[in-house]
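Peer 1: Here is what each chain is made of, one letter per residue.
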Amino acid sequence: MKKLNGSTKKLISSIAVILVLYIVMSTMQATGNLSSLMSGLLVPVCAYALVAIGLNLCVGYLGELSLGHAGFMCVGAFTSAFFSKTFQNEIPDVPRFILALVIGTFFAALFGFLIAIPVLRLSGDYLAIVTLAFGEIIKNVINVLYVGRDASGFHFSLKDMMSLNMDFDGVVLVNGAQGITGTPRQSTFTISVLLLILALVVTHNFVNSRTGRAVKAIRDNQIAAETVGLPITKYKLIAFTISAAIAGVGGVLYAHNINSLTATTNNFGYNMSIMILVYVVLGGIGNFSGSVVATVVLTMLPEMLRGLSTYRMLIYSIVLIGLMLFNWAPGILKFREEHGLTTKQLLDKFKKKKEVQ
Amino acid sequence: MGFLTYLINGLSLGSVYALIALGYTMVYGIAKMLNFAHGDVIMLGAYLVFMCMSSAGMPAVVSIVIAIACCTAIGIIIEKIAYKPLRRATNLAVLITAIGVSYFLQNMALMVFGSNPVSFTSVVSWPGLSLAGGQLKITGNAIVTIITCLIVMFGLMWFVKNTKPGQAMRAVSEDKDAATLMGINVNATISLTFAIGSGLAAIAGALLCSSYPSLNPYTGSMPGIKAFTAAVFGGIGSIPGALIGGLLLGIIEILAKAYISSQLADAIVFAVLIIVLLVKPTGILGKQIKEKV
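If you read the sequences in order, they're chains A and B. Under our numbering, the first residue of the first sequence carries the number 46, and numbering increases by one thereafter. Under our numbering, the first residue of the second sequence carries the number 9, and numbering increases by one thereafter.
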């Protein structure tokens with residue numbers, strides 16, 4: 046058998062961990078040992094993890110901070126939910142969901158591509174603020190968008206339901222700030238986990254491909270990469286579009302898990318973008334499995350702390366600050382190194398103990 | 009006359025944005041970090057003024073002075089505990105920590121003050137002017153806000169240009185290592201910047217809530233984001249840029265609300281920001297930094 050390299054091994058082990066978690070969670074759910082809150086979180090966690098993987102591709106490999114990934118998630122969610130709702134009675138369940146997935150991903154990628162063309166001319170914090178602005182614009186426009194359908198076709202409006210001018214038999218599909226209601230709930234935990242694993246494999250292969258190496262070269266030194274003749278814009282566009290597409294898949298899952306889909310600050314605004322960014326940074330920039338782990342832990346943490354009611358978000362924020370200081374502060378890192386407390390040193394110790402036994 | 013009224017309202021809102029943007033821009037200029045918790049300091053400032061005025065019955069000026077003092081202290085404490093240990097870490101780590109601080113302040117306020125919005129009494133008791141035979145009304149709030157903003161702005165520009173600590177700030181923002189070699193206490197300068205920014209946030213909070221009187225623990229976050237946008241708009245790191253960016257943003261927002269669509273106003277503001285940044289990638293007054301090979 047061909048010897049696998051380190052990153053492939055890591056990918057396989059993280060997929061194995063996800064599968065084990067999946068089996069544990071589904072058995073617990075089947076035997077009724079999982080609280081309804083937890084089982085309600087299973088699909089959203091996978092959706093967030095997908096967006097985190099997408100954002101990690103952008104932050105870790107493209108080296109650009111995006112604060113607008115909730116916007117791509119939003120595009121994926123709304124286009125797919127719109128499609129599913131429109132053709133609810135015309136296409137059978139399974140092909141419809143697959144098509145919805147393709148459509149959600151495609152539109153998220155399209156928006157990513159269109160936004161990337163102007164945005165990638167900027168860099169650093171300016172790029173961050175422009176992606177944030179795009180995310181807010183997407184959310185804002187969806188909040189005033191009305192779409193209806195009657196015998197004569199689709200009607201659009203940016204004002205209110207009345208100005209759709211529909212016949213009596215018309216159905217309102219997208220209802221402004223009320224969003225889309227009655228999307229078929231088709232995102233199961235199994236599909237979510239499969240998509241998550243697929244995303245891990247795709248990103249792993251992408252960053253280790255020729256294109257991926259070019260993207261990394263651009264991240265490390267743009268001028269040097271330009272000098273050896275790499276088309277900077279092309280590779281940046283590719284990476285950003287893939288990143289947006291993966292976020293879109295997360296959006297599709299999210300949309301098909303809830304009954305009424307609305308675009309608010311907390312689920313598709315900058316709050317969400319920031320939350321995902323927290324997952325990415327705590328999970329390790331450039332480490333896709335880390336993003337998944339951080340998403341699972343940080344989504345479950347506030348739920349576990351629910352018993353503490355009002356204190357839970359306070360504790361969450363303190364944990365967040367503490368973790369950042371513990372992992373990044375140069376002074377603390379030095380202290381940990383001197384006292385044998387870095388993650389690597391601890392892992393080595395653990396391994397040695399095993400060998401002795 | 010309608011247009012003039014909107015323009016003045018826009019200037020007033022823009023002045024508040026400018027005051028908040030100052031905090032962002034100064035901290036960014038010196039510590040090269042986006043202080044996401046700045047918006048929540050505004051909220052705290054507004055709550056402090058509210059408590060002093062409505063609960064303790066103090067006069068407005070005294071309340072604001074107390075709020076400024078407390079916010080300055082809070083700003084320094086946050087900087088010392090959360091940001092100072094990360095001085096030489098990556099930008100992203102500091103950004104996430106700032107987000108953590110922002111969550112912390114919001115939830116702290118949620119616990120102490122509750123989630124129900126309180127109705128803020130204006131710090132300005134003057135009803136304002138009535139010009140052109142009552143056709144053009146300018147509220148006292150608007151006038152006081154605009155004048156305060158201008159005074160603070162010019163005061164700050166004078167401070168940064170002419171005083172020793174101000175010169176130290178400029179030196180640190182130019183080159184930290186060189187400033188250290190010149191005998192400037194970099195840590196103290198950064199703390200001073202945070203102190204000034206947070207003090208200004210208290211003023212901004214009081215003025216913001218005087219015009220928009222509903223105050224809750226999340227009041228600061230949206231104006232915070234918009235002011236950050238304003239700072240980028242005007243060229244982040246530049247004090248006059250914050251003024252221009254803030255005023256333009258306020259005016260665009262109010263005019264968009266009045267003439268186009270109140271729901272789309274935010275989208276229009278952000279769209280204008282994107283267009284400006286595409287034409288001039290470092291903001292209106294931003295410096296173009298050429299990368300050397």
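Calculated directly from the structure, the hints in this document are not laboratory data. For clarity, every value in this text was computed on a predicted model and none was experimentally measured. Don't take each hint at face value.
List of simulated lysine-lysine pairs, DSS-like, C-alpha gap at most 25 Å [said to hold, decoys possible]:
#	chain 1	residue 1	chain 2	residue 2
1	A	Lys279	A	Lys55
2	B	Lys172	B	Lys92
3	B	Lys40	A	Lys279
4	A	Lys204	B	Lys265
5	A	Lys379	B	Lys88
6	B	Lys265	A	Lys379
One-sided excerpt, in silico: chain B residues whose CB lies under 7 Å from chain A [claimed, not checked]:
#	residue
7	Ile107
8	Ser199
9	Ala203
10	Ile259
Don't be surprised by glycine CBs; every beta carbon is placed ideally from N, CA and C.
Peer 1: Against this structure, judge whether each hint is valid.
Peer 2: So, going through the hints one by one against the coordinates:
Proximity of Lys279(A) to Lys55(A) is assessed by CA-CA distance (about 29 Å); at most 25 Å being required, the pair is judged violated. Restraint check for Lys172(B) and Lys92(B): satisfied, since their Cα atoms lie roughly 23 Å apart, inside the 25 Å limit. Under the criterion of a C-alpha separation no larger than 25 Å, the hint pairing Lys40(B) with Lys279(A) is inconsistent with the structure, at around 30 Å. Distance hint between Lys204(A) and Lys265(B) is fulfilled; the C-alpha atoms sit about 14 Å from each other, no more than 25 Å.
With a C-alpha separation of about 19 Å, the suggested pairing of Lys379(A) with Lys88(B) holds against the 25 Å cut-off. Our distance criterion of 25 Å between C-alpha atoms is broken by Lys265(B) and Lys379(A), whose separation comes to about 53 Å. The closest approach between the C-beta of Ile107(B) and any C-beta of chain A is roughly 6 Å, which is under the 7 Å cut-off, so the hint is satisfied. Because the beta carbon of Ser199(B) sits about 17 Å from the nearest beta carbon in chain A, more than 7 Å, this interface hint is broken.
Contact between Ala203(B) and chain A, as hinted, is not supported at the beta carbon level, the nearest pair being about 20 Å apart and thus beyond 7 Å. At its closest, the beta carbon of Ile259(B) sits 18 Å from a beta carbon of chain A; the interface hint therefore is violated under the 7 Å criterion.
The structure fails hints 1, 3, 6, 8, 9, 10 (numbered hints given earlier, in ascending order).
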